[in-house]
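Peer 1: The residues making up each chain are set out below.
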Amino acid sequence: MTDFPRSLRLFTAALVAGTLALAAWLAFERTQAPGRQTWIAVAVFGMLVVYSEHRHVSLPGGGALTPGLMVSVAAIVVCGEERALLGALVVGASAGIYVPALRRGRRGWIAFNGATIALATTAAAAVEAPLHTPIRESATLAALAALPIALASVSASALLVTMSYWFEERRPIRDGFARLAETFPQSVPFAMLGVFLGRLYLDLGWPVVILFVVPILLARDLFASYLELRAANEATVEMLVRALEAKDRYTAGHAGRVATYAQYIGQELGFMPWRQERLRIAALMHDIGKLVVPNHLLKKPGKLTPEEFAAVRRHEEVSVRMLNSIDLLAPVARSASGDHTVYRDDDPRHPIEPFIVAVADAFDAMTSTRSYRRALPQALAFAELREKSGSQFHPRCVDALIAALERRGEVHGAGHETEVEEFDVSPPEAGLGSAGLGDLLRSDPTGLRAPGELA
Amino acid sequence: MRLRVRVPAVAVAGCAVAAMIRLADGPTVGVHVSLFVAGLVVGELLVLRLEDGTGVPLSYTPMLVLAVGVALDAAAIAILLAQLVALVLRVDSRPPAERWATFCQRLVVAAAAIGAYRGCFAALGRRESLGVVLVAIAAAFVAAFVADEIARRAQRLRSAMTARGVRAWSALGATAALMALGYRGVDGEGRADLWTLLLFAIPLLAAWYSFERLAAASRTHRQTLRALSMATELGGFVRDGHGERVASLCERLGAELGVPADEVDDLVAAAYLHHLGVLTLDEAPAGTREPVGVVAEVTAAMLGDIPVLAAAGAIVAGQPAQSRGDTTLSERRLASQILKVASDFDDFSEGDRSHAGFALEALYSSPGYVYDRRVLEGLERLVDHTGLEDLRLRLGGAPGTATDRR
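Top line first, the protein sequences correspond to chains A and B. Okay, so the first sequence: first residue is 6 according to this note's numbering, each after it adds one. Okay, so the second sequence: first residue is 2 according to this note's numbering, each after it adds one.
Same shape as in the complex, but just chain A (with noise of 0.2 Å):
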């Protein structure tokens, strides 16, 4: 138990205790005690929760997908059949099994999950239990039914654990209800999945536990390979964009907080998942062209020519044709034009996302040193971006990223800067802007102009 926190002991020494305490009450009281026809259900559903919460899904957001609340609900069910509390406590404890936490030695944990939910199991059990007569009877107050069993589990979960993190961080009660009301949406489905199945269990036995479960777990596996796929396909953009800063070593870091900056737009903006994720992949990508620009004009210390110039803006079409040749991507492939992100030419019926990357572009261009110009204060960044809100910029992207930093707390810019790239030669205080921005000036070195002076 070396990793489990000092202040959590106590707690979860008493929820074991509380939880052996019942069982043996449960036990002694005759009324209660199961029959073997239960006693086999208990070992049949505690395997399958033991199953389930070993086939967990991860969520990328944080979380976990498990059907272990169905099952627990239909053990509910069937142990409700002779109002056998005891079994519902055991199919609930069964849940703390964890091989992998049990390799680490993380026992202290495996208590704590095992007391906790075997506690919400019984509290949910007894719910059932006035409620089990019209549960057998009738299909629709079966479906009804679910609601109190779930919000009973839910409940008892959502506080034992607001209580544990009470006791190790002083963490605020109202925690625990944040964590309750977005539980218990999703438990719903499951809970009246579980009622039914404990159903089907009781008239039909257990070969209809397998049949319901297979889909389950057919549907858990392929959404765990589309995670992982997912990844993979974020991981193989995410080695471009390392190769284009391997060549282009001047923007190194640059599409990383481009995507950064964009995705606090999208947050703003309340962007759906998978909105963001799209999001991300296009500002990622929105200078993948630079790819087949050749090294020499990247890493040419002087002016360019007006070829060589256009060789480099090339690079832009390339993108734009890149994206446009992955469906995801397509409807947002103007991220990557700097030509067709001008605000006052837009359609309105246009998606919002290339304005987002061309806004969070053109932040991270001003807030950044380049080989032409120091990084710029990010104060000087915001009033060029509100300056240009309206005309170049679209209004809501620029309003969104002044409101997501703020709020954050981050500054950028001048002698904020994390990663700065050494220069054979220095930049100058003063330069050319790149994304659309045209020249920065700056009047002397200890005071900036006002954005209207801005060239």
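Hints should not be assumed to be uniformly reliable.
To give a feel for the contact side, a few chain A residues facing chain B, derived at Cβ under 8 Å [as the list claims (entries may be wrong)]:
| # | residue |
| --- | --- |
| 1 | Ile178 |
| 2 | Val193 |
| 3 | Pro194 |
| 4 | Leu209 |
| 5 | Gly210 |
| 6 | Trp211 |
| 7 | Leu216 |
| 8 | Ala224 |
| 9 | Ser230 |
| 10 | Leu234 |
| 11 | Arg235 |
| 12 | Val242 |
| 13 | Leu245 |
| 14 | Met327 |
| 15 | Ile331 |
Simulated from the structure, these hints should not be mistaken for laboratory data. Beta carbons: idealized from backbone N, C-alpha and C, even for Gly.
Use these hints to put chain B onto chain A, whose structure you have.
Peer 2: For chain B alone, coordinates are given in the frame of chain A:
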């Protein structure tokens, strides 16, 4: 009309018809049949998509429930009606011949399932027990699967016996058996009403959702690899379409030479990305080329940094290795040889299928240690049997022009 409109529209229409029958004091079987028709049509619209883009429809589940749980005439009417509606709904997505073929395929599958269930039940003496009912349902399921496979062969579609196909049929079979058992019951009296059947469909719908996500992610991944291979093409380092053609050829050669399916996936990724390293190299002086193997080495290092592409990186890395006439190549070395042969074949043929014979001859006339004989023979078989017409070979410039800069 999009799927998200069609599916609710069909469901609402089915419920409306059922409500009207109920209000008019019509027979209960009429209510059930109208809801099953809606379920069948929805199931026709939602398919479990397989690796090759074809699918297995969810409608096989209500079809099996009908085969098992209602009278023959009611089942036949419901299935025929549903297939006619589905025929109309598919009007904007497929050519007529294909729609009629699918219509016939579904009727054949339904007939097989009904026949097998009734035959099996009669053979078992019409005794009512859980085991007998389960065996009869299993017989209906197997008959449906076999009929579907035969219909697929008749339409020259690939077998559904792939990794995803087996999962799709398992999910359909398990849910169908559960629904049929719940609806029919063991003693002939069903315990589950139609709402319960809907609830039983949730795991299958979850499986469908996962299939959809996986199919979309697979498509995006392949398109991303293709887009990345475009970088070398648009940069003028290789001929247009080289990555796509080599990937297609590697896929076919891999299957021809018995490379396992997951290795073929790595081989395809390697084929798309095998020139990628050239983008990061400093330009070679005018009139010279990057040394052979340098690009492969750089590319392999890039891919090796990404765990999911590490195997593809190893295939690229092994590409310049000479075969030395070894007839027992390891899988990884075989994959590298396939990539080498496919890439050089595309260079020699210059993306033009009419040059396939010349390209093959050029490969054969190289010293024996350069290319693996087994791979060359596999390629020759493909050229002889298919003429490579389906390999998306495209014209890529006049013969004799430079191809790539490895």
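Peer 1: Now tell me, hint by hint, if it's right for this structure.
Peer 2: Outcome of the hint check:
1. Of the supplied interface hints, the one on Ile178 of chain A is violated, with its beta-carbon coming no nearer than about 34 Å to a beta-carbon of chain B, more than 8 Å.
2. Violation of the interface hint for Val193 of chain A is found here, the shortest Cβ-Cβ separation to chain B being roughly 12 Å, above the 8 Å cut-off.
3. Restraint check, Pro194 of chain A versus chain B: the minimum CB separation of about 7 Å is within 8 Å; hint holds.
4. A least Cβ separation of about 6 Å between Leu209 of chain A and chain B falls short of the 8 Å threshold, and the interface hint therefore holds.
5. Of the supplied interface hints, the one on Gly210 of chain A holds, with its beta-carbon coming within about 6 Å of a beta-carbon of chain B, less than 8 Å.
6. Hint on Trp211 of chain A is violated. Least Cβ distance to chain B is approximately 10 Å, over the 8 Å limit.
7. For Leu216 of chain A, the shortest C-beta to C-beta distance to chain B is roughly 4 Å, which falls under 8 Å, so the interface hint holds.
8. Hint status for Ala224 of chain A: holds, given a least beta-carbon distance of 4 Å to chain B, under 8 Å.
9. For Ser230 of chain A, the shortest C-beta to C-beta distance to chain B is roughly 6 Å, which falls under 8 Å, so the interface hint holds.
10. Among the interface hints, the one on Leu234 of chain A holds; its C-beta lies about 4 Å from the nearest C-beta in chain B, closer than the 8 Å criterion.
11. About 5 Å separates the beta-carbon of Arg235 of chain A from the nearest beta-carbon of chain B, less than 8 Å, and the hint is met.
12. For Val242 of chain A, the interface hint holds, since its Cβ comes within 8 Å of a Cβ in chain B; the closest pair sits about 7 Å apart.
13. The interface hint given for Leu245 of chain A holds, since its Cβ lies 6 Å from the closest Cβ of chain B, which is under the 8 Å cut-off.
14. Hint status for Met327 of chain A: holds, given a least beta-carbon distance of 4 Å to chain B, under 8 Å.
15. A distance limit of 8 Å between C-beta atoms decides the matter here; for Ile331 of chain A the minimum to chain B is near 4 Å, and the interface restraint holds.
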